[in-house]
Amino acid sequence: MKNAFKEIALGFNSLLTGMRITIGQFFKRTVTVQYPHETLPIPARFRGHIELVRDPETGQAKCYACKLCERACPSDCIIVDGAKIEGAKKKSVTVYKLDFTKCSLCGACVEACRDAAIRYSRDYNLAGLRKEEFIMDLFAKLEAEAPAAGVPLAAPARAQPVKTEPAAPAPTPMPQPAAAAPISDPPKREPVKVDAP
Amino acid sequence: MANLLHIISTEPFRLGLALLLIMSFVGLNAAYLVWVERKGAGRFQRRPGPTEVGYAGLIQPIADAVKLLSKQLIMPDGVDATLFRVAPLLVMAPSLISLAVVPFSEKLFGRDINAGLLLIFALGSINVMAIMLGGWSSRNKYAIISAARVVSQNVAYEIPTLLVVITMIMVTGTMDLNEIVRQQAGGFWRWNLFRWDVNPLAPVTFLILYICMLAETNRSPFDMAEAESELVAGAYTEYSGMGFGVFFMAEYANILLGCSVATVLFLGGWQSPVGIWSGLFWFLAKMYFLVFSVVWVRWTFPRTQFYSLLNLSWKILIPVSLFTLILTSAMIKIFARV
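Order-wise, the sequence lines are chains A and B.
Sequential numbering from 1 applies to the first sequence in my numbering.
Sequential numbering from 1 applies to the second sequence in my numbering.
Looking at chain A on its own, in the form it has when it is part of the complex (with noise of 0.2 Å):
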C-alpha cells in the first residue's frame, strides 16, 4: 500500500519534470534555419570542389600548367594543358578541366600544387539535371570571372538562394596571405544567421 502511493507519487512527479522540462524549450530559441532564407556560415575549411586562383598582380590565374595536380589526381578527373605566350617567363595555363563526376575531394591535387594556384571553392549548391554539368571548365570559369573588375575573386558560380544586397562595391584585389588564408571569404557569401546547433 504504501509503495503504491510511492510509486504514483514518484510518477507523478517525473511527469511533472517533463512538462516543466518541455516548456522551458518552449521559450527557447528556435534552432531552425530555414534554408533557402538563411544559411549557416561555411566553414572556413569546406572542401568544395578545386578552383583556380586569380594572380591579384597580373590578374590571369596563377597556374603554369606544370600538371602536378594531374598526376596527383587518383581518379585522373583533371585535365590541364599551358602554351607559352611569348615574353612571359612562364608557361600559362589554357585548358583545365575537372570532371567533377569522379572526383572524390580527396585534395591531393591542393596539396601537390607548389604555388597554391588552387583551392577549395566554396561553391555547395552541386544540384545538376545532367552529368555534363559537372565536367567543369575551371580556366573558362576563370576567364569569365575577369573582365568585371568589380567581381570579387571566387564569385559563385551557380545563383546563391542567400538574401543579400548586390555585390559589394569593387574591392581592389585583395593582397593574398598565401598560406594562412587560402581561400578569400567573398563578400558574397557573408552568413545571414550566425547560429550553430
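Calculated from the structure, these hints are not laboratory results.
Check the hints yourself; a few may be wrong.
Unchecked claim - With the Cβ distance kept under 7 Å, some of the chain A side facing chain B (calculated, not the full set):
hint: 1; residue: S14
hint: 2; residue: Q25
hint: 3; residue: F26
hint: 4; residue: T30
hint: 5; residue: V31
To be verified - Stretch-level coverage of chain B by chain A, calculated; a stretch enters the list once three of its residues show a Cβ under 8 Å from a Cβ in chain A:
hint: 6; stretch: 46-53
hint: 7; stretch: 299-310
Just so it is clear, CB atoms sit at the ideal spot from N, CA and C, and this is done for glycine as well.
Assemble the complex: chain A is given as a structure, and chain B must be docked to it using the hints.
Quick look at chain B alone, frame taken from chain A:
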C-alpha cells in the same frame, strides 16, 4: 437595435443563431487548433512550426481545408457504405450538440437546460460508438484493431469520468451548468477546484477529470485510436479527404468540449478569478489554457502501452475517484454545508 436584439433573443431565432454561432465556433476552432497544435509542436521542439502560408503560417489551416475538400472520397471495396459515411458525422454531432448547453458567459449559451451535464455525458458515449463504427465498417484489419482498442479504452475511462462528475454533482447539488458557474462567483478561492470543505481531494478530482478527458478525446499519450506509427491511421485508415477531415475536426471539437466542461466544473467558467469583470473573456482564457496544456502534454509524453493505459484507469483512477466520491459524500453527510 434593442428591438433587433429582442427579436433575435426570442425562441426560433435564438435557436438558429445559437446553431450558427456554435458551428462556426467549432469550425474555426478545429481549423485553428490544428495551427496551434503544429505551432506548439514546433516550439516544443525548438522549431518555428508553419511559417510559409501567410504571416506565421496563419493561412495554413485554410490551405489544409481546401486541400481536404478537393480530395476524392474513396470508398474501398467491401465497406459497409452507410455506416462508413455516417461514422464521421456521428463523431462530430455529439460535441456540436453538447456545446449548446455550455455557458460561455452569463448570457451567452445555447440552451439553459437543468440537466446539461447529463446531456453532455450521455452524448459523449456516442463518440466512442461512432469511432468504432468507422473502424468496423472500413473492412480493414488496422481499423478494426484500433476500433477495439478505442472501445476498451473509452469504456475504461468513462467510469472514472462519471465518478468524478457524480462527485461534482454532489458538491454543487445541480446538473445545470449555468448554476454550477454561478455558485463559483467571487474569486478563485470559490472555485470548485478549491472546495476543500466538501471535497478535500478536489485538485486530484480535477486531475482525474483532465486525464480522462485526454483519454476520451483519444489524445496523446492515450492516442490509441489513431496510433499513426503503429496502426497506419488507426480507425481512420480507410478515410480520405473530408471524411478524415471531419474525424480530425471532431477530435478538436471534443477537446474544446472537454476543456469547456473542465473549466465549468472546476475553474469557475466565466467567473473572474479576482471577483470583478467576469465574462466571456475569462471563460475563453481558462478554456484555451487547458487546450494549450493538452498540446503541451501531447508533445511531452510518448504514447503509453495499451495495458499500462488500462492499468492506469482500473488500478489508479477508478479506485481514487471512487474514494473521493465516498469521501465527499461522507463530508457532505457529516458537515452538511451544501
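Worksheet item: Against which earlier hints does the structure fall short, listed by number upward?
Response: 1
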